[in-house]
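So the chains spell out like this:
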Amino acid sequence: MMTLKIALRNIFRHKARSVITLSTIVFGCVALIFIGGYFQDIFWKMREGFIESLSGHIQIYRRGFNEHGRIEAYRYLIDNYQEIKELVSDFPEVEYVSARLQFQGLMSTGSNTISFIGQGIEPQNERQATIEETQDLRQFMKSKNLGLPVTVFGTSLVGDDDYQVVLGRGLAETMRAQVDHRVTLLTSTVHGATNALDLNVKGAFRTTQKDFDDISLRLPLQTAQSLLDTQAVQVLVVKLHQTEDTDKVFKSLQVIIRDKKLNLELRRWEDMADFYNKTAELFNMFYLVMRIVIGIVVVLGIFNTMNMSVMERISEIGTIMALGIRRRGVMKLFLFEGLLLGCIGGAIGVLMGIIIVSLVAAIGIVMPPPPGTTFSWLSTPVIVPSIVISTFFLSVFVGGVSALVPAYKASRLEITEALRYR
Amino acid sequence: MSLIQISNVSRTYQLNSISVEALKNVNLTVAAGEFLALAGPSGSGKTTLLNIMGCIDKPTTGEVLFDNIPTASLSNDQLSDLRAEKISFVFQNFNLFPVLTAVENVEYALFLKKMTAAQRRKEAEAALDMMGLLHLAKHKPLEMSGGQQQRVAIARAIVREPLLILADEPTANLDHKTGEEIVDLMREINRQKKTTFIFSTHDQKVIDRADRVVRIWDGEIVSA
Ligand SMILES: Nc1ncnc2c1ncn2[C@@H]1O[C@H](COP(=O)(O)OP(=O)(O)O)[C@@H](O)[C@H]1O
Ligand SMILES: [Mg+2]
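Read top to bottom, the protein sequences are chains C and Z. Each residue of the first sequence is one higher than the one before, counting from 1 in the working numbering. Each residue of the second sequence is one higher than the one before, counting from 1 in the working numbering.
Watch out, some of these pointers could steer you wrong.
Claimed, not checked - Computed list of lysine-lysine pairs in DSS-like fashion (alpha-carbon distance at most 27 Å, straight line):
id	chain 1	residue 1	chain 2	residue 2
1	C	Lys-332	Z	Lys-193
2	C	Lys-409	Z	Lys-58
3	C	Lys-332	Z	Lys-114
4	C	Lys-261	C	Lys-144
5	C	Lys-261	C	Lys-248
Because the hints were derived from the structure by calculation, they are not lab data.
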């Protein structure tokens with residue numbers, strides 16, 4: 001109690017100096033909490049966008065597809081997909097299961113011909129956002145919208161019209177396609193015969209990935225199936241209500257597949273999200289470096305303060321040693337002051353960090369499109385409890401570390417010299 | 001019964017290549033309960049001798065017995081503990097902690113004693129009261145006069161009830177009248193509590209109040 005009182009009084013002995021030292025700590029804490037929260041927001045949006053636009057949470061394939069499917073795609077189709085869909089849809093965690101059939105071919109408008117990648121999809125599951133929806137960035141950044149393909153003209157696939165197609169923006173531009181143009185898709189069936197179909201252009205879409213938009217088109221699943229002359233699909237995309245349930249559902253599905261001896265294999269979103277994983281790794285590395293750099297800057301700041309404090313208090317140190325306080329005790333007093341400084345600075349810093357992050361999140365920062373993508377996005381940094389807690393303890397730790405050398409110096413003073421010192 | 005016994009003590013300071021012999025073969029015995037003045041001009045070795053008697057410095061050669069314990073054999077920590085239990089200091093510059101109030105300064109001397117905060121406060125206030133300073137208990141040192149500060153310092157010294165109080169030129173920073181009052185206070189405590197006092201000075205009025213005067217000149221005791 002007495003130790004605490006004395007340490008506090010000594011810390012605030014020089015108001016200006018304490019304010020500067022504390023500011024250093026507070027600034028460091030705010031920076032770490034803010035940047036950590038900013039990264040977390042990016043991770044989260046990348047993740048949800050990737051899941052919503054491309055991968056779903058879990059994908060179900062015919063066994064062997066991921067190993068051999070690239071060469072012999074049509075040998076690894078799922079025939080009884082309706083059964084499996086029903087089975088998986090029964091999970092309470094599952095939002096929907098959507099079947100996809102992907103193929104390549106040539107598209108012709110009569111004058112122009114171009115190769116494409118087509119996706120047969122179930123339009124009721126694979127929603128497209130309208131341009132109007134993207135105007136309200138904050139709303140659009142919610143998880144159910146993030147990463148949705150956006151209609152740039154016309155509409156998305158509508159109703160149960162089989163003879164319709166929507167084109168990726170780049171593809172539409174190259175073909176100068178307009179709403180209600182007719183295009184001919186030419187491809188080979190799963191049996192190797194050539195097949196063609198005339199479709200009505202309903203509109204164009206963009207995703208976050210420009211490369212994808214330059215070559216892709218989407219059409220109803222049953223249209224793709226008749227074009228390829230098959231009743232099967234390539235993949236079942238399982239979308240969950242919450243990303244956090246992925247592993248749980250994944251494990252249950254594995255058990256079902258094993259028990260029922262189904263000829264299927266699974267992939268989780270993170271098995272596919274190579275870009276996300278690499279980015280997360282890079283950012284985590286970067287964050288660690290930031291922590292170290294900020295830690296060092298703060299250590300130097302506190303060290304300087306503690307050092308000055310020891311220099312000023314040499315005769316006081318002599319006095320307390322004469323009173324019978326051991327060297328170790330003197331060391332403890334100064335270490336305690338450093339820890340306390342880290343504690344106070346950390347507490348204020350964490351509080352300020354939380355306030356600032358909340359404020360920025362409430363306002364949001366509009367960010368330019370990341371490399372290789374097409375949309376601006378809204379950054380709303382989040383308060384990450386683990387980062388808040390670790391930042392506080394880092395601050396206390398840094399306080400203790402910075403006081404080590406000054407405290408040691410203080411404890412090594414010769415009593416008689418210290419008392420003689422003016 | 002002797003409290004301190006100093007035999008053939010020398011103390012040499014090493015300053016780069018030159019060595020200064022601050023004490024030369026000093027022999028001195030101080031009995032418990034004495035009120036002793038150490039008199040001598042500036043640089044004669046008073047502080048050096050007090051430091052050795054107060055167990056915050058060790059002689060270069062010779063032997064010191066404090067309360068019948070040969071101090072040369074004690075470790076730093078043991079010396080700290082010995083001081084905490086038996087010795088208090090009063091300094092020329094008072095050496096109060098500026099961030100603490102008068103009563104807190106006195107309490108600080110009880111820092112190492114196992115007692116409750118309330119008990120500590122009670123004893124500190126009693127010591128301040130004895131110095132007639134209870135009304136200044138909540139004041140910081142810099143709000144007090146030199147004489148008041150030195151009385152707080154004496155309260156801090158007596159609150160631990162030590163065997164010995166060492167005072168290195170306790171009146172040097174005070175005017176004559178205040179200085180004499182301080183020495184009278186010490187004298188009073190010496191009478192009441194039988195605490196041994198050794199103080200250094202070169203002020204004749206102060207010297208006159210001592211029971212015994214040890215004169216030191218150029219590191220040697222010239223009359224005891
Ligand atoms: N730490 C020290 N280093 C070198 N010389 C010292 C030191 N302390 C004291 N001296 C010298 O020792 C002698 C005695 O000093 P001191 O005991 O302080 O005398 P006094 O207290 O009587 O003025 C002086 O010549 C002084 O210069
Ligand atoms: Mg002196």
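Hint check:
no. : hint                    : verdict
1   : Lys-332/C <-> Lys-193/Z : 34 Å, violated
2   : Lys-409/C <-> Lys-58/Z  : 21 Å, holds
3   : Lys-332/C <-> Lys-114/Z : 18 Å, holds
4   : Lys-261/C <-> Lys-144/C : 34 Å, violated
5   : Lys-261/C <-> Lys-248/C : 20 Å, holds
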